[in-house]
Every structure is written in structure tokens, then in C-alpha cells.
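Q: Can you make the complete structure from the sequences, with help from the hints?
Protein sequence lines correspond, in order, to chains X and U.
Per my numbering, the very first residue in the first sequence carries number 1; after that it's consecutive.
Per my numbering, the very first residue in the second sequence carries number 137; after that it's consecutive.
Just so you know, these hints were derived from the structure itself, not from any lab.
There may be inaccurate statements among the hints.
Stated by the list, open to error - Stretch by stretch, here's where chain U covers chain X in the computed footprint (C-beta under 8 Å, at least three residues):
id, region
1, 73-87
2, 92-100
3, 107-119
Each residue gets a CB set at the ideal place from its N, CA and C atoms; glycine is no exception.
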Amino acid sequence: MDINCISNMIKHLLIVDDDDDIRDVIQASLEEFAGWNITPAASSREGLNIVKSKDWDAILLDVSMPDIDGLTMFAMLQADPITQTIPVIFLTAKVLPSDRRRFSEIGVMGVIAKPFNPVTIWKEISQILGWHISSI
Amino acid sequence: MAKYTILCVDDERNVLLTLRSQLIRHFPDYKIEIAESGIEALEVLQKELAKGKEIPLVIADQIMPMMKGDELLIAIHALYPAIIKVMLTGQARADEVGNVVNCANLYRFMSKPWNEMDLQLTITEAVRRYQQDQLIAQQQRALEANLQQSQYFIKKITESVPNLLYIFDIAQQSNIYANYATKNLFGYSDDEIRQLGLKLFTDNCHISDRHKFEEGLQRCSNLKNGEFVETEYRVKDAQGQWRWLLCHNTVFLRADDGTVKQILSSCQDISDRKLAEKNLIKQLLYSRILEDAISSIRDSLSLQEIIDITVCEVRDFLKVDRVVIFKNELDGEGIIIAESIDDALTPLLGKQLSDSGFKACIHEYHQGKIQATADIYLAELSDCYLKFLIEFQIRANLVVPIIYNHQLIGLLSAQTSAAPRVWKDDEIALIKKLADAVAIAMHQAQLYQQIQQSEQQLRSLAHVSPAVIFTIIKDPDSPLRFDYISSAFVKVHELSIHEAIQDFTVIFQQIHPHDLRSFQRAGELSAATMEPFFHSWRIITSVGKTKWLEANAQPIAQVNGGIIWHGVTVDVSDRKEAEELLEAQNRWLSCVALNEPLKPTLELLIDLIELELAGGICSVLLIDNRNRLIPYASPSLPISFFKVSDGILIGEGVGSCGTAAFRRELVITSDITTDPIWKDFKNLALAHDLNACWSMPIFSRNQEKVIGVFGIYYSEVRSPSNREISIIKTAAISAGIAIERHLNAEIIQSQLQQEQFLYQHLQNELSDRQKAEAMLSENEELFRRAFEDTAAGMALISLEGQLLQVNQSLCELLGYSESELLEITFQELTFAEDLVPQLKLVEELIAGTRKTFQLEKRCIHRQGNILWVILSMSVVRDKDKNALYFVGQIQDITTRHELERIKEEFISVVSHELRTPLTAIRGALGILTTGVYEQRPEKSKRMLEIALNNSDRLSRLVNDILDLERLESGQSNLSMSTCQVSNLLEQAIESVQEIANQADIKIELFPIFVEIWACGDAIVQTLTNLLSNAIKFSNVSSEITLNVKLVADDICFAITDQGQGIPPEYLETIFGRFQQVDISDARQKGGSGLGLAICKSIIHQHSGKIWVESTLGKGSTFSFSLPLSISP
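A: Now the structure itself:
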């Protein structure tokens, strides 16, 4: 596998979560086990500020956040032609059936429930987004 | 000035002068001119005439050079014939004179020399002659002028009259005259008309009128003067239009032999009149058709008959191939319900139409649009509609919508199949009127059908109702009579309906004599006051059975002064019996309680049981110490039978009673004739008409001893029901109590217990009965009660969804008035998304694959808000199992839904709050476990910190949740004690002092020294929570005050900070669970989001109050008060 190929495989993900601890854990998990390039954002506002700065492979988005919550941020991303193509996965502790129904209605790529397995979460993300695990 | 000039001509001047002087002398008024030659004479003449002179006379000499006298006179005559000419000559040849006489109308020949006298006379005469001639000429001119004028007038008239005038010359076969109107009508010139002759008419005459025209001409030959022939015929005018002419032919000119030479024809254009006549006839025809159709519609209430007549009439009238009536069911879907058709066509009757092409144009019919297509191939129709029409062999069609009350009920359509057809306006108008009449008829028929159906429903209801439904009429001066009685009458009154309808008095005859007067009074009162008749009374039926009846009837005043009562009668015997039974039971219990003598007490018990078990005859036999029967109490058994048992030893075969006492168990003899235990007493029993006997031994309190037997006899063969067995057993126990109580006074305690048991038993039984009774009496008001009074909303709904009847609860539930609800459909009330599942279930109901269903759905309140309801629905069918209508019940579960929503939300929040720290712990530990950080201690440390922090957070959260749950469920018993308020304050401040110091926040305390009765730990927890909140949300180096004071009977704590304050919209909810202003605050500030909820719960447990006041940017004050009065 040549170096270009590897660089193509490195994914750039934006993580938006207001909980410092959880953000750190996700970042550590995805960097250590998947080798991805992770940019953390502590709020939707911060996330929106940097979302156009890079060609993101995906955004992991917390739902319950103060000020702008994850659902609103998702709607804002969808409303902008530049960002609407970025796949978004909700990472949320809201896992009741009614919550799940709500998420599935708005057209998000996937939902990963908290708590998650830090060792395998990258596989889960890859699967949702259709990335071939073997080639990564 | 001289009037006349006389001219004298002579070549001899002397003669002229003589002549002139003589003339001047005799005719001084005249001017005398002279000329010496013929030429000069003519010149003078011309000059004088030019001057306007009148020259009556010329006197000329004959012999003159150049122009002789005769030549001159002839010339003058030729020019001016009126002038009188006189010749004066000496010698003249006769031929010359003759020539003048002949050619110049010579007046006088005078010879020279002339006699002056003769001259004078001649001139005088000549002038007079001239004057006469002038007069005649003048008259003639006047006459000619008159003639010319009248000719002009006639011509003007003939040319200007609107009538056609022409003269036909038979010999020439030519129209010798035709007036302007004639030329104008045909558009020909005079020459053309002349040449055409009769062909003018024969060529242009309508083929069917040609014979009339020719006949009119022929008849002219026989006409006398003044007679004329009148004919009417049509001709084609210059524009090719047919014109009706009314012609008068008369003879214009006859030959000497009387044969007709010329015919004058005067023709009047009567096209307009003809058209008006035609229209009039048509109109008469139309109105007759309309009248016929409408009267048949009026006469008949059978819809089919009406529409069948209509289509026949229309087809007959329009002469078309097919006329149909289409009934619109759904838009564009429906059925052909009537048809009149040409035999050659395929019938469409009964055909269901749901073609999309047809549907596409249906909306236009809604607006009343009439479609008249003369030829479908020429009309611009949509392809699919054209296809549709072709499929039905339609070439031309007229479609008129049948609309009633803005609703499209159907279509009336007339069609031709082969040829195109133009639909005239008046035809369309007529069909439209017919369609309107049909609309009314269809509507009427529908109403009639509905009325019939609803009457049928009422009749069926009345028929199945156990209550008698009746209508009584009281006409003035007539006796009462039944107008209607439902079938339950037969069962309740045990009379035939016919009998009662025939004669109302049978009702009175039935009434118990004691109740007759009060019954009549109640009736009279209702009639007098128009208040409802509500009364109960007894009747005695033909077989002697007494029944209690109760009636409720509403009087309605009639125009004729009479009254109609509509009401129901119910057999309330059971209820009355239950009441009597209750009364008897009470009597019996009081007998027992008061320790009345045994015999009347037992007899009372027997009465009671006999009342319960209708037809049963009871007895109580006592058993003495030697097991002998003692007949003791039986008010109804014949004494001769009862006493026979006296002293007989109990044992097998000693009747039911002796055997029961012997066997110590219930003995049932259903048929005395066959039961071996009755072998010895059978005949005696049968002789007393006793055929069955059930006996139950009466035990002593300790069940050791049989102290008596309770027996029940029936005159018919029968076995007891379970209920009857239970009654007998109860009776035996009751009798035992009475007997023992009487026999043994020491066992009062035991008796009381038994009595209680018995009483309870009887009460239970009675209450069961009362329940049953209540249900029975509810029957009579089944609809009113079930419908009106139920808390659930109820409605009767037509199969189409129209609300037919609604109750008050439904009105209140949905916010509509009853009348408003009856205007709308069930579908309109249903939230759109819930309609489909509901309709599916409704279809299953109608189909019968489902008897009833329940559905949680949303309804729309009148105000527009959504209600969650449970809809229960069932269908009511007629006897043929056809679905009639639905019964729907709606229960408002909005509140429950709201609670469920709140609960779900709470669970969602809790779950979320628990999962969040767990996520961090799980993540951090998960990463550590893999060992990836073995070589990176700083990373490991961070992960461990995360795990530790979040474990603390999780445990705080769990503790808070548990605290709160314990507090709110009342499980946590706060241990109350007397507490010194200042101590509590100190403890609280101490526990937050460290974090206050860290933020450099000063806490100012205004304590009071009061003791309160409280759970000290809980109050400290509350204070600590509020203080730590205040610290968390305060700016660094600010101040917090804790103020405590007494307000009336309360002690009030207030914690005031100088923090950011709380937005007003959060003030209401901030004491709720997880209701932080900012969800992330909780994590950042280390709170669980439950602190204030816990405070609130603690304070409430102390019967106190907690509240907050806040100004954004300035700070908040959290206060709570506790009542001082609470004490141990």
C-alpha cells in the first residue's frame, strides 16, 4: 500500500459535543483505533464556524446541547448547499423509541447510542457510512 | 300697363297706321304693335312674348313680299297655337285662304277695305275666344298636374308598402309590375322579375307549399269583382331564408269577354307571426310536458316511477335515441338509474360509471353547467371524454345537472347515437326545468326514504322494547283512544293490541280498584297542566295476576284543542316486589331483634320467603327431643294437610320434611307422585294440589341437632333453581336463629353473629336485586341515559359519516353545539392522518367482518386544537343484517396522553442524564483496557480522571434521583425534631464555605434564634443546595445574603445572589426535574439538575412553600417558608 493510498484512507471527522470528557474520549478512541484525523468542537456554534474550513468525511454530532442543539445544527447544515452533502451521524444518549423515530424522520445518516464501545466505534461509523473496513 | 298686345302685319304702311289708329280708338287698354313684313312680325312676336306680354291676336295681310300672310300665320300657329289669327286682305286666292284655315286654325278672314265696326266686333270676339281658350287650357293643365300627382302618390305608396305587390299578366306570362318590397325580398331587378313571371314564385316556393301557390292562382279565374283568394306559403328570400307570405290575389284586369287578363297579388310577410305562433305552440307543448312531468312527480313518491316517467317524456319530446338519469354517488362515480332507449342501442340501465374521462368533466356539472354537444366530433372534447362518449354510442348529447341545494345529485342526459343534433335553447331550458323538478323529487324521495327508515327504526326499537311505547289521543268531546301501542303491550297488559285500540276503557277495567281513582286523577292533572303523566298503579290481569305498572308520558297540545300523549309503560312488578320484600325483611329482622314470640316471627319469615318464591307455600315443622315432627307455622298450607304430620317420627319415606330432617340434608321432591319418600303421603298431598316439595333441615347453632324443617310446596311439578336452593337454605338458617333464640336465651351472641350473616346475606341479595331492578328500569330510558348522561361522547352516525344524534358530552368534548355537530361528518372531525386507519375499520364494520372496534385517534376541537380520544364503534343492523348506522363512543384521553408524554419525556431526560457520564466512563476505561496508553502515562491519567469525575457525577445523579423519588413517593420518612434555626444555618454555611472561598464569595447571614419542628438534615440539605446554586451562578468576589425572618406564622428563608439572574420564562419550571436554564450548566457546575426539585419536595413535606424572584443581570432570590405552628 503506497503512501498516497494511505493518505486517501485517512478520514477527517468533525466531532461536536458540549461535554469535554466525552469529546476527549471520542477523539482519543477514533485517533488511536482508526487513525483518523479528528477536530473537536465544544458547541454547535463552534462547529458551524469551522465546518467549511475543511472537506469533512463525516460529522459526529451530539443532540442535547445548549444554545443550538444537534437537531438544529443538522438542519442548518442541510440548508447550506456546501455542507448538506457531509454525512452526519448523531451520537446521542437519547435512545428512546420516540427519539429514534424523530431522528429517522429528518434524514440523518445514522445514530450511535451513548455509551458506545470506544474500541469498535470506528467500525460502527464506517459501516454506517459504507466505508470498507478492510481497505482502511 | 296693357294686358294684351295685338300685332298687325301689313306691307303697306298706310293700311297699318289706319288699322292701328282704329284699334287704339276701340281698344285703348291694348297695346297695338305693327310689323311691315312677316319676318318682322315674328321678331316682334318673339320680343313681346319674351317680355311676358300676352298676344291674343295677330292680324295679317295676305299679299306681302318675302313671306306671305298665310305662311306667316301657319308659322305662328306652329309656334304659338293659342294665338288667334285673323287675315286681312284685298285679294287672296282661295287655296291660300283654305291653307290658312286648315293649317293655322284661321279665326277670320276680313277683306279690304274693312268696316271699322266689323273690325271692332271681330277683334272683341277674337279676344274673348282667346280668353276662353286660355281658361280651358289652364283647366286642362291643372287636371294634368293633378293626374300626375296622384300617379306619383300611388307609385310612392306601392313602392313603400312593406307588402309585396305585383301584377301578373297571364297572356304575357310576365310580371308587369313588382314593387320595391317584392324586388327586395327576392333580390331581383325589375327586368328579371318581369322575365321570370310566375317562376319567380314557383322556383322560390317551399316544395310543400307549391300546390297552395298554384291553387291560389287558379282560383283567381273564378273570382268576381271585389273578391280575392287568400293563400299562405313559404318562399326563399335573397338571403336563402324561408319567409312566410300571406297573399291576397285579386283580378286586376279582365278582357271584354270577362276572362282574367291580369292578376294583382298583395303579399304580407308573416314570418314573424308564424315564428311567434310556432313558439307559442312549442311553449304550450313544453309547458304541457313540464306540467305532466311535474304532476307525475308530485303524484308519485316512488323515485323510480318519477325518473322512469321523466326519461320517457324527455325522449318522446326531444325525439332522441336515449335519455338517461345518472345518479352521482361519489364524484364522477355513480349509476344509471333510469333509461329510455331506442331498441337498437345497448341499454345502460344499472351501469356503474367510474370512467376517468367522465370524472374529469364532472366538476363543471357541480357549477350547474349544462353541456350541449351537437356533434362530439366537432366539439373540442378531451380525448378521454370523447372515447367515453364513443364507447356509449353517443354522437350528440345534452347533459343537464340535477342539483339540489348546491349538491350534484345526478345528471339528466339526452343523446343521439348516429346523427348530430342541435340542441335548441328552449329545449335546453325545458330539460333544465325538468332536471330541477327531478332534483326536488329525488330529494323528496330520499327524505321520504329516510323518514320511512327512521320510522322503521323506531318501530323496530318499539317492537323489541320490553316497555310499552304508546300514543294516546284525547280529542275534544271524544273519549281517550290509543293511536299506537308497541308489541310489549301484549306481554305487559296481557291484552290484545286490537282490543285496546278498539276500546280504551279496557285499560281502566284492568286497574286495581284501589288505584283507579288516583290513576284518573293523575291523567286529569297531566291534561290540565300539560305536565308529564308519571304514575304507578296496579293492574289485575285476566288470569288474576297482579302487576305493578309505571308510566311516563309527555302531553302535547293539539291545534284542535286535543292532547296527544307519547309515553312508555313499564312492568315494575319486580321492583315493587323487591320493595315489599325489603320491607318484609326489615319487619322480620326487627321481629328477631326484638325477640317477638316465635310463631309470628316464623310466619313473618314464611311470608317473606313466599314473597321471594312466588307460588311457593312454606311451612316450618319443629322437631322435639324425641325426633317427632311438630307442625308449627304455615299460614298458607291447608290445616288438614299440615296437621297430619303432627307427632310423626322423622325418617326415610316420611315425606320430604321428615326425610330431610332424618338425612340432615336438603331433600328435593320435584314430583310428589313419583318420589318414593312420599309414598305414604302422596294421596293426601295430591288431594291438596301439592305436587312438589323441597325441604331443608333447620340445625341448631352448633349444627349438632336438627331442630326443625323448612318446607316449600308447589302446586306444579318443579325443581328449584340455584337461587331458590340458596333461598331455602337461608330460610332454614333464619328460622333456626329465631327458634334457637327463642328456645335458648343464652346464645344471644351466636345468634347476633348469625343475624349479621343473615342480614348481610339478605342485604347482598337485595342489593343484587336492586341492581337488576335498576337495570330493568333503565331499559325504558335506554337511549336517554346511555346517550345523554354518559360522560363519554356518544353519537349515532350514518353510514356516510353524517352525525345523526349526539349527546351533550360529545358537544362539550368537541366544543360544538348539538345543531352544529349534526351538520358535519365524522370525517371532518377526524385528524387527517388518522382517517385512513379509521375508514378501514369502518369498512370492516359495515362488511360485518368485525363487530366493533376501538381506535386511539385524534379529533379536532372546534377551536382547532387536537384531542386524543379512544373511539369505540359498533354498527346497528336491521333484521336483514343490513347496516343501518353506527354507534360511536368517544373518550377523551388527551390528559392521559399528555401525562404519558410528560412521563416519556422524563424517562428520556433521565436516561440521557444517566447515559452521559456513563459514556465518558465507558469510553475512558475502554480505551485504557486496550493498553494503547501503556507508554503514555499523561494520556492514561487524563482517561482515569475522566472516569473518576464522571463516576462521581453519576453517583451524585443517582443519589439525587433516589432522594427525589423517596421524597416524592413518601417513602422517605423525614425524622422530625425540634431544631434551632441558627444551628441549621450554620451547618449549611459550613458545608458550602469552602467553594464560596474558592470563588471569593462572601456569605452574609441574618439569622434569628427560633426553634422549629423540622427534619434538620433535610432543611440543611435545602439550604446547602440553594446556597451552592447561588455560589455557582454568582460572579467571582460577589456577595450572597442569607436572610431569615418571621412573617406572620411562618419562618421565611431567603438566599439572594448577585448572579446572572434567571430568564422570566424559566421561573415557572425551574423547580421541575432537569429544568436547568442551560442544560450544560448542570455539568459544568457539577449539578444533577435535580437539586431544586429536591428542595421543593423537602419544603412541601414540611407543608412549606418555595419560590424564586429574579431580575436578569442583577441576581436571584430563592426563598422558602416553613409554618411555625407544626409541632410534635
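Q: Evaluate each hint against the coordinates.
A: So, going through the hints one by one against the coordinates:
no. : hint    : verdict
1   : 73-87   : violated (count 0)
2   : 92-100  : holds (count 7)
3   : 107-119 : holds (count 7)
The structure does not agree with numbered hint 1 stated previously, though it agrees with all others.
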